[in-house]
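Trainee: Sequence:
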Amino acid sequence: MKSISKSISKASILKYIFEILVVAFGIFLGIIVSENISKNKRKKELRTSIDLMLEELNFNRQNLKNSVAYHQILEKNYHKLFSNVTENELNTPYLKSKYAPINKIENWKGPMIPSIETSMFQSIRTANILQDLDISSIQNISKTYSALENFNQFKNKWWDRFMSLNSETKTRDFMLNFDILFSDIVASETRMIQRIDHEVELLKQIDF
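Numbering (the numbering used here) for the sequence shown: 1247 to 1454.
No lab work stands behind these hints: they were computed from the structure.
Only a predicted model underlies this, so the values are computations on that prediction, with no experimental measurement involved.
Treat the hints with caution; some may be incorrect.
[As the list claims (entries may be wrong)] Below, computed lysine-lysine pairings styled on BS3-like, alpha-carbon distance capped at 30 angstroms:
| no. | residue 1 | residue 2 |
| --- | --- | --- |
| 1 | Lys-1350 | Lys-1403 |
| 2 | Lys-1322 | Lys-1290 |
| 3 | Lys-1355 | Lys-1342 |
| 4 | Lys-1350 | Lys-1322 |
| 5 | Lys-1287 | Lys-1389 |
| 6 | Lys-1450 | Lys-1289 |
| 7 | Lys-1287 | Lys-1326 |
| 8 | Lys-1311 | Lys-1287 |
| 9 | Lys-1289 | Lys-1344 |
| 10 | Lys-1322 | Lys-1450 |
| 11 | Lys-1342 | Lys-1401 |
| 12 | Lys-1355 | Lys-1285 |
| 13 | Lys-1290 | Lys-1344 |
| 14 | Lys-1355 | Lys-1287 |
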């Protein structure tokens, strides 16, 4: 009788241990599945974010290329108009000069300096989606967008200077704005195109 009781007791203990192991394995399996689901979700979000950044960068690159092409044409027409400007004319208020109004510059459509879009990157950075990338990739992306934001600031400073022109502005100062446009601004646009080209290639190489 004692032997039967001991056998039942051992069987109960083994059953209890087995049930605990089953529960523990179920919990462990649940954690693994949950982690995999979470990892796949983050990977999908990261891939989508990279695609959106590529779209934004390509959009900016095309606008910059269009701007450079326009500025190169505008520069030729600008120099054609001001090719024989005299020292006396340089010191004359621009609006009273024979070079005014500004649309005497052939093909003039405005400065046409593009505003660089960074809103997609800002949203992705705020959502902390890039955290799964390696440090090098994160740094490259941040540096690229920092350079693009600096371009926007430089462009805004030029616009402030351009819009501050008034009836007393000398032709010399008017022309200085265009000298900056055709040299510094165009050079910056070209650098941004190169920077974007490099970043686009790096983003395409990211292994998910």
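Trainee: Work down the list of hints and note, for each, if the structure agrees.
Mentor: Hints, one by one, checked against the model:
1. Lys-1350 with Lys-1403: 25 angstroms, holds
2. Lys-1322 with Lys-1290: Not satisfied, since the Cα-Cα distance of roughly 49 angstroms exceeds 30 angstroms.
3. Lys-1355 with Lys-1342: 21 angstroms, holds
4. Lys-1350 with Lys-1322: 13 angstroms, holds
5. Lys-1287 with Lys-1389: 27 angstroms, holds
6. Lys-1450 with Lys-1289: 15 angstroms, holds
7. Lys-1287 with Lys-1326: Since the Cα atoms of Lys-1287 and Lys-1326 sit roughly 59 angstroms apart, the hinted pair is violated (cutoff 30 angstroms).
8. Lys-1311 with Lys-1287: At roughly 36 angstroms apart (the allowed maximum being 30 angstroms), Lys-1287 and Lys-1311 break the hint.
9. Lys-1289 with Lys-1344: This hinted pair is violated, its Cα atoms lying about 63 angstroms apart.
10. Lys-1322 with Lys-1450: 37 angstroms, violated
11. Lys-1342 with Lys-1401: 27 angstroms, holds
12. Lys-1355 with Lys-1285: 50 angstroms, violated
13. Lys-1290 with Lys-1344: 61 angstroms, violated
14. Lys-1355 with Lys-1287: 47 angstroms, violated
Taken one by one, the earlier hints fail for this structure at numbers 2, 7, 8, 9, 10, 12, 13, 14, listed in ascending order.
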